[in-house]
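Line order of the protein sequences matches chains A and B.
To get the working numbering, take the position in the first sequence, counting from 1, and add 280.
To get the working numbering, take the position in the second sequence, counting from 1, and add 280.
Note that these hints are calculated values from the structure, not bench results.
Check before you lean on any hint, since a few could be wrong.
As the list makes no split between identical chains, a pair holds if one copy fits it or if it spans any two.
[Stated by the list, open to error] The calculated lysine-lysine pairs, modelled on DSS-like cross-linking and capped at a C-alpha distance of 27 Å, are:
| hint | residue 1 | residue 2 |
| --- | --- | --- |
| 1 | K361 | K285 |
| 2 | K413 | K361 |
| 3 | K418 | K361 |
| 4 | K293 | K430 |
Protein chains: 2
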Amino acid sequence: MTRRKIALAGIGKIATDQHIPTLASSPDWELAAAVSRHGRVEGVPNFTDMDEMLAAHPEVGTVSLCMPPVPRFAYAEAALKAGRNVMLEKPPGATLSEVHALENLAREAGVVLYATWHSREAAFVAPAAAWLKGRRLKRFTVTWKEDVRKWHPGQDWVFEPGGMGVFDPGINALSIVTAILPDPIHVTRATLEMPENRQTPIAATLAFHHPQGAEVTATMDWDHSGDDVWRIEAVTDGGTMTLDRGGAEMRIDGSVQSAGDGLHGEYPRLYAQMARLVEDGRSDVDLSPARHVWDAMTLGRRKIVAPFHW
Amino acid sequence: MTRRKIALAGIGKIATDQHIPTLASSPDWELAAAVSRHGRVEGVPNFTDMDEMLAAHPEVGTVSLCMPPVPRFAYAEAALKAGRNVMLEKPPGATLSEVHALENLAREAGVVLYATWHSREAAFVAPAAAWLKGRRLKRFTVTWKEDVRKWHPGQDWVFEPGGMGVFDPGINALSIVTAILPDPIHVTRATLEMPENRQTPIAATLAFHHPQGAEVTATMDWDHSGDDVWRIEAVTDGGTMTLDRGGAEMRIDGSVQSAGDGLHGEYPRLYAQMARLVEDGRSDVDLSPARHVWDAMTLGRRKIVAPFHW
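Let the hints inform the model, and build the full structure from the sequences given.
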């Protein structure tokens with residue numbers, strides 16, 4: 281089968297770490313162009329302007345967007361208006377309304393919009409969802425701690441409005457939570473620790489309403505030293521499940537589970553899914569992980585903490 | 281026609297100023313019970329506990345909720361689970377996800393949920409929408425200024441998380457904006473002035489993306505002395521329209537317009553609409569005004585300003 285031509289826009293850390301190597305070995309996609317103000321991809325035509333790339337490459341039917349959420353809207357709008365399918369890094373936008381606007385544009389243009397959640401593609405997310413189904417939840421605890429200096433060195437945009445702060449990694453947790461919990465939850469209380477020189481939280485604690493009264497909480501910290509902690513623990517009437525390393529590891533009552541076969545790697549699975557969506561002409565925009573972040577940003581009690589410096 | 285029995289919950293300022301007098305002269309509704317921790321309504325059974333009222337008054341098919349948004353969810357949940365129709369003061373909830381939860385409960389129970397926006401019932405909102413339709417918008421300016429000490433004297437909840445601050449009145453403006461603008465807009469930039477001793481903004485400026493490139497902005501101030509300013513101005517290729525006094529007055533190129541006949545008064549119109557919705561078994565939950573507030577709370581740049589004291 282001929283591979284579909286795709287362009288990558290926003291050539292920064294996540295593009296270099298994940299998107300470019302994934303596309304290089306993809307059976308579905310051929311990287312045909314790149315758009316970036318600063319970055320470049322070797323071996324393909326590079327552009328600094330999205331409209332120029334769209335005009336020069338009518339054969340590129342799909343554009344994958346990797347830049348931060350605030351500037352991303354304009355690129356997505358341009359690509360959709362030019363009739364191209366669009367794949368969005370997480371989070372799908374800076375606000376709910378702008379994602380609704382993109383959904384409308386995609387519908388009008390008759391193209392596919394895919395809001396990706398890479399953490400949902402971790403090996404044990406589907407097994408965790410299957411295990412939780414039918415069990416009665418008592419306690420559900422999310423612990424997400426990493427060092428922003430390690431994962432986003434010098435990237436000031438994460439602390440600017442719309443950059444989401446600790447919710448940049450925290451939304452990965454929430455994308456798993458919303459994929460594995462059988463019942464809908466909503467934030468009822470949040471504390472946001474705001475460095476006095478920054479606009480987004482560096483740490484947060486969330487409490488959720490659960491329809492059957494389970495105690496659902498999340499603790500997120502971006503100023504954490506030592507190993508990353510990406511853990512979800514579910515205590516049920518039928519045992520305790522722990523997802524660790526962001527869904528790459530699962531234990532049931534302490535016993536390590538083994539993953540099934542199939543395509544491994546979060547980004548290879550995202551691009552395989554995008555190929556299926558384009559084949560079927562079907563969009564996939566699930567906003568539930570972002571909704572919890574936006575709710576926490578709206579409802580959270582802000583506590584000013586020490587300034588953050590790189 | 282027999283009037284339907286309704287209960288009112290949350291007997292505070294807005295209930296006393298608007299809901300009780302409106303229900304007293306409503307052709308559709310008979311106030312049959314009240315629920316409030318502190319307030320009372322003369323001449324009907326009063327309860328402090330929602331579940332007790334629901335159990336004692338199975339003939340009350342509809343409950344109207346007037347308490348602040350954060351505590352409101354629990355009351356709405358109880359009423360919906362007990363199979364009663366629910367009418368919500370604005371804003372419909374503290375977060376997007378909790379309103380989605382209420383929508384699901386209403387659907388499951390087969391009852392009506394109505395998220396009211398009283399400012400949309402002002403006399404000139406529908407004429408303004410009709411006038412704007414088909415004209416090309418160039419500039420659209422919202423100015424919403426009032427004194428919180430006059431409208432919410434001593435009500436600390438407005439400055440607590442979920443209380444919305446200046447967006448408590450500002451959402452009235454946004455409920456009109458979203459009713460009269462033919463095209464969807466979304467917040468792209470917001471500045472929030474946060475009193476250093478409070479959790480919600482006392483002033484805000486918003487800039488919106490408009491699909492045809494019109495300049496759309498809003499200025500909101502809750503620390504305003506002098507007359508209230510509740511104004512929306514639309515400059516188009518076919519003249520300038522000004523809505524004033526929150527939609528009670530309209531001018532086209534300076535000439536004052538006169539209102540048509542029909543039911544006047546925002547709250548009488550809300551209760552007439554609730555009667556129609558119950559008659560038809562139809563819910564009405566439009567979240568677009570709240571979405572812009574939640575977007576601004578998420579994306580806004582916070583600027584610490586002088587402490588606020590009553």
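Tested hints:
1. K361 / K285: within (18 Å within a copy, 52 Å between copies)
2. K413 / K361: between (41 Å within a copy, 23 Å between copies)
3. K418 / K361: Classified as between: cross-chain Cα gap 22 Å, same-chain 47 Å, threshold 27 Å.
4. K293 / K430: within (12 Å within a copy, 52 Å between copies)
Violated hints: none; the structure is consistent with every hint.
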